[in-house]
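*Asks:* So the chains spell out like this:
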Amino acid sequence: MDTTLCVEQSQTAEAADIVAMPKERTLTYTEAIREATDMEMARDPNVIVFGLDVDDPKAIQGTTKGLLDKYGSERVFGTPLSEDAMTGVAIGAALAGLRPIHVHIRMDFLMLSMNQLVNVGAKSSYMFGGAVHVPLVVRSMIGKSWGQGAQHSQGLYSYFMHVPGMKVVCPTTPYDAKGCLIEAVRDDNPVMFVEHRILHFQKGPVPAASYTVAPGKARITAEGDDITLVGISYMQLECLRAQRYLADVGINAEVIDPIWLAPLDIDTIAASVRKTGKLCVVDNGWTTCGASAEIVAQVLERLQGTRDIRVMRMGFANTACPTSPTLEAEFYPDARRVASAAYDMVHGRKKNWMPEERVDLRQIEFKGPF
Amino acid sequence: MHEQFYKSLFRIRRVEEEIARIYPTDKLKSPVHLSIGQEAVSVAVCEALRPEDVCFGTYRSHAMYLAKGGDINGMVAEMYGKQTGCTKGKGGSMHLVDTKAGVMGTSAVVGTTIANAVGYAYAMKLQRKKVVTTVFFGDGATEEGVFPESLNFAVLKNLPVLFICENNGYAIHTSQAKRQGHPHITERAKAAGVQSSCVEDNDCLELHGQVKSAVEAMRAGTSGPRFFECKTYRWKEHVGPNEDFGLGYRTPSEAKRWIENDQVTKIAALVPEATRKAIEAEVEAEVKAAFEFAEASPFPDVSELMTDVFHTPCAATPSEAVRKAA
Ligand SMILES: Cc1ncc(C[n+]2csc(CCOP(=O)(O)OP(=O)(O)O)c2C)c(N)n1
Ligand SMILES: [Mg+2]
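So the protein lines, in turn, are chains A and B. Start counting the first sequence at 1; every next residue gets the next number (my numbering). Start counting the second sequence at 1001; every next residue gets the next number (my numbering).
Derived from the structure by calculation, the hints contain no laboratory data. Take these hints with a grain of salt, some might be off.
Said to hold, decoys possible - Have a look at the derived ranges for each label pair, beta carbon to beta carbon:
hint, chain 1, residue 1, chain 2, residue 2, range
1, A, C289, B, R1128, 20 to 26 Å
2, A, R362, B, K1212, 34 to 40 Å
3, B, H1184, A, D44, 34 to 40 Å
4, B, E1200, A, P207, 53 to 59 Å
5, B, K1130, A, G129, 56 to 62 Å
6, A, R358, B, S1303, 25 to 31 Å
7, A, N119, B, K1212, 41 to 47 Å
8, B, G1246, A, R244, 36 to 42 Å
9, A, V132, B, K1212, 18 to 24 Å
10, B, K1100, A, R358, 45 to 51 Å
11, B, L1126, A, A131, 45 to 51 Å
12, B, E1260, A, F201, 53 to 59 Å
Computed from a predicted structure; not experimentally measured. Quick reminder that beta carbons are idealized off the backbone N, C-alpha and C, glycines included.
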């Protein structure tokens, strides 16, 4: 786990509102994705789904279950193991007006798709002066724990945030998973849709109707005045748990889920930091040149000189992900470490406080085999 | 010869059966891709290689690692995530390595090591070393662009590299016919200009004979790259210790032919009973000891987390450090 602390200056607050979460049906994250895909395929015959194993018996954790039967093998198909070419195929199909959803069971494998995504997908609209566009959704999953190791655990979304012409979204709740996927499918540009294998097990309220969760609005998931915690992807859960640990000792953390990383709603985050003066961004990736670095930099650019600000980034340890449980536990930030770091920030110095583990806040362990 | 083949086959089978047996206890916190049913390929190939020859493999490489002479304790301890594992608990089952035995390291990203083996062979040629470099990969890996690209370069530079395609008919739950428009991998290798052959029926001795003469020709400098498509069959699920016929993507009747043609049993029948019993007793003791070693070994200290990110001279093995100091 890597932490980077620096202190800066800043200005005053601007309230950001909490988006009301409709409480009706409960779905899992995977069911929400399946439903969003199904609804978009029903609505628009140009939506197609492909990728390795989307039509196999396990149906990508159930996220593509039943789609083959309902829409047929022309619109739902497994592919050869050819990520580079299939990404190019997806872009070609998108240029012709289809709206492909290309699925990858690990984000790590996307490294084979990089050329097509970065040099063609993200560039086409601009490079051709708006003459063409690429309405493509790339779904990719981040693995964690149970010995996934160096090549099955990477959260590489900041690579795509770096590239103009790509949108990036990391929904953390079933509600947002559905709304963001529908939004992504309807977007006329390439969208990297990032899932996390542990988030797949999350349950939450999901309206039956169609709706979108568009870029431009981060979500305040817990309100507080003492410190701002921004949790990206799976780390949103750890931040919410950290918020509970901090509440136990009288610290009110405001927790923000950015949802869309590109484009990023920096307004909501900056408004919160204007109020709290302290920002800790907890990322599900490395801190160097990562999403956390970007968020911190943008907040400081905005608020510097207006008030005192303390900032910190937390993320993966600056190494590849090890498999041994003892090392892996050290590799990831977790709720207690986030709480401990936040506690220090609030007190302005190292206090060596670490909350006792609360059983009700223990993280859900993903059990193999994956 | 049959004794040695049987020992290697039986040893791999028993290690993996133990892995499968212990798996539900959750002690092996590592995804395991078992080779049960496919051992014959690794044994046939590795028995034709010398200790200094080098192999690259995939996440499904327990068989290759053991057949090539990789340390059994290091492999089992690795699956337990222990400090004594072959990567000190950093790589797990999918990233085995034992450079002393010529096991160069295995990758979990399909197809990647094909090109790495070609590069290694290039270095061997440049350094005038009579080392044969082998790469094991699945039928699925041949769909990645790196496969034809690597074949082309190997032919262009006439490199002593052995391409071993373990065709078990599936990539995860998807059959070869559903993924390849022209499902004849050997023909594709031939079209790239690689001398290629396909060995049916998981036939250990037949494959060994063919690989042996290929390797000899490479050592003699009379052969460039060679490709072998080895038809084989995975008995267990893609990853994990169980059978998976319940999923419906393949049937027990399809598996029957392969299970009846089990090479562990076939080769066992060629070994005199007394010898066979002695081999089995020896292997059982070794396997038992390896699991005991793994259980008894400590987990890595957290200080190990940040070592090896970059290679540093102080990270070299003690013997290397001593040699450098001398
Ligand atoms: C580049 C890449 N794409 C996808 C995967 C996911 N994956 C892991 S194993 C596998 C199937 C590989 O099949 P094959 O090459 O035939 O080897 P087998 O598992 O049958 O031994 C896939 C698709 C991966 N690991 N790497
Ligand atoms: Mg296969």
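*Asks:* Confirm or reject each hint.
*Replies:* Going down the list of hints, with the structure as the test:
1. A/C289 <-> B/R1128: 20 to 26 Å: Given about 42 Å between the Cβ atoms, the range is violated.
2. A/R362 <-> B/K1212: 34 to 40 Å: violated (55 Å)
3. B/H1184 <-> A/D44: 34 to 40 Å: Distance hint for B/H1184, A/D44 holds at roughly 38 Å.
4. B/E1200 <-> A/P207: 53 to 59 Å: Given range 53 to 59 Å: holds, Cβ gap about 56 Å.
5. B/K1130 <-> A/G129: 56 to 62 Å: holds (58 Å)
6. A/R358 <-> B/S1303: 25 to 31 Å: holds (28 Å)
7. A/N119 <-> B/K1212: 41 to 47 Å: With a Cβ separation near 46 Å, A/N119 and B/K1212 satisfy 41 to 47 Å, so the hint holds.
8. B/G1246 <-> A/R244: 36 to 42 Å: Since B/G1246 and A/R244 have Cβ atoms about 41 Å apart, the given range 36 to 42 Å holds.
9. A/V132 <-> B/K1212: 18 to 24 Å: Check failed, 56 Å falls outside 18 to 24 Å.
10. B/K1100 <-> A/R358: 45 to 51 Å: holds (47 Å)
11. B/L1126 <-> A/A131: 45 to 51 Å: Holds, at about 48 Å.
12. B/E1260 <-> A/F201: 53 to 59 Å: violated (41 Å)
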